[in-house]
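Mind docking chain B on chain A? Use the hints.
Chains as they are written, first to last, in our numbering: chain A, 1 to 112; chain B, 1 to 115.
Bear in mind the hints are in silico, worked out from the structure with no lab data behind them.
Among the hints, erroneous ones may be present.
[Stated by the list, open to error] DSSO-like, lysine-lysine: derived pairs with alpha carbons at most 30 Å apart:
#, chain 1, residue 1, chain 2, residue 2
1, A, 104, B, 57
2, A, 99, B, 55
3, B, 3, A, 61
4, A, 68, B, 3
5, B, 13, A, 49
6, B, 53, B, 71
7, B, 71, A, 68
8, A, 61, B, 57
9, B, 18, A, 49
10, B, 57, B, 70
11, B, 3, B, 71
12, B, 13, A, 61
13, A, 104, B, 55
14, B, 57, B, 71
15, A, 61, B, 18
16, B, 13, B, 70
17, A, 104, B, 3
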Amino acid sequence: AQSVTQPDIHITVSEGASLELRCNYSYGATPYLFWYVQSPGQGLQLLLKYFSGDTLVQGIKGFEAEFKRSQSSFNLRKPSVHWSDAAEYFCAVGARDDKIIFGKGTRLHILP
Amino acid sequence: DVKVTQSSRYLVKRTGEKVFLECVQDMDHENMFWYRQDPGLGLRLIYFSYDVKMKEKGDIPEGYSVSREKKERFSLILESASTNQTSMYLCASSLYPGARLETQYFGPGTRLLVL
Chain A
1 AQSVTQPDIH
11 ITVSEGASLE
21 LRCNYSYGAT
31 PYLFWYVQSP
41 GQGLQLLLKY
51 FSGDTLVQGI
61 KGFEAEFKRS
71 QSSFNLRKPS
81 VHWSDAAEYF
91 CAVGARDDKI
101 IFGKGTRLHI
111 LP
Chain B
1 DVKVTQSSRY
11 LVKRTGEKVF
21 LECVQDMDHE
31 NMFWYRQDPG
41 LGLRLIYFSY
51 DVKMKEKGDI
61 PEGYSVSREK
71 KERFSLILES
81 ASTNQTSMYL
91 CASSLYPGAR
101 LETQYFGPGT
111 RLLVL
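Just chain A, same shape as in the assembly (with noise of 0.2 Å):
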């Protein structure tokens, strides 16, 4: 069955550091991956997506994220973070009975 799973809940990080974000999908095919993020009472607005072709996929706000087929990740960075990126983040799969898988979250704290 189609799978994502983000493994931390939390992570924070100070203003002006790196930040990864993980993701790992289980999925049979080639898959179609996405990143999400949710500010504080909003909805969630589509970060970057992959579907084919190079493996490293520039999104919005500065983030990008890197397919890995042998590792079956999709990762998330970004070089330097910005307090409005606290948030909440999403990854999510594509499945084969047209619908999306989403992750749990993973919820950006940022230390001034």
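Chain B alone, transformed into the frame defined by chain A:
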């Protein structure tokens, strides 16, 4: 920009009441979705719809029903609200069938409290 609006940001209802959550999208999207979001559980799909008058069950449809009479509007109905339906409800839409390939656009959510 795609806009997905939900009729209420906050709602308080009593056990046994019939509850309607309304969602409207303004970009002629084919697909619409209802999720509930709970701490530690992420997003779980309740129902989705590919077209007018069409609906498909998601992962947790029990206790819910939906209605899509017009393309732009997708309603979630709690026939008899219970306290375990206290949650954040998120509506989303996407452009084409083949939803697993498509970006979903989310509304701001309705936080429902059932007393």
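Going down the list of hints, with the structure as the test:
no., hint, in the structure
1, A:104 to B:57, "holds (20 Å)"
2, A:99 to B:55, "holds (13 Å)"
3, B:3 to A:61, "holds (20 Å)"
4, A:68 to B:3, "violated (33 Å)"
5, B:13 to A:49, "violated (38 Å)"
6, B:53 to B:71, "holds (9 Å)"
7, B:71 to A:68, "violated (38 Å)"
8, A:61 to B:57, "violated (34 Å)"
9, B:18 to A:49, "violated (38 Å)"
10, B:57 to B:70, "holds (19 Å)"
11, B:3 to B:71, "holds (14 Å)"
12, B:13 to A:61, "violated (38 Å)"
13, A:104 to B:55, "holds (25 Å)"
14, B:57 to B:71, "holds (18 Å)"
15, A:61 to B:18, "violated (41 Å)"
16, B:13 to B:70, "holds (26 Å)"
17, A:104 to B:3, "holds (25 Å)"
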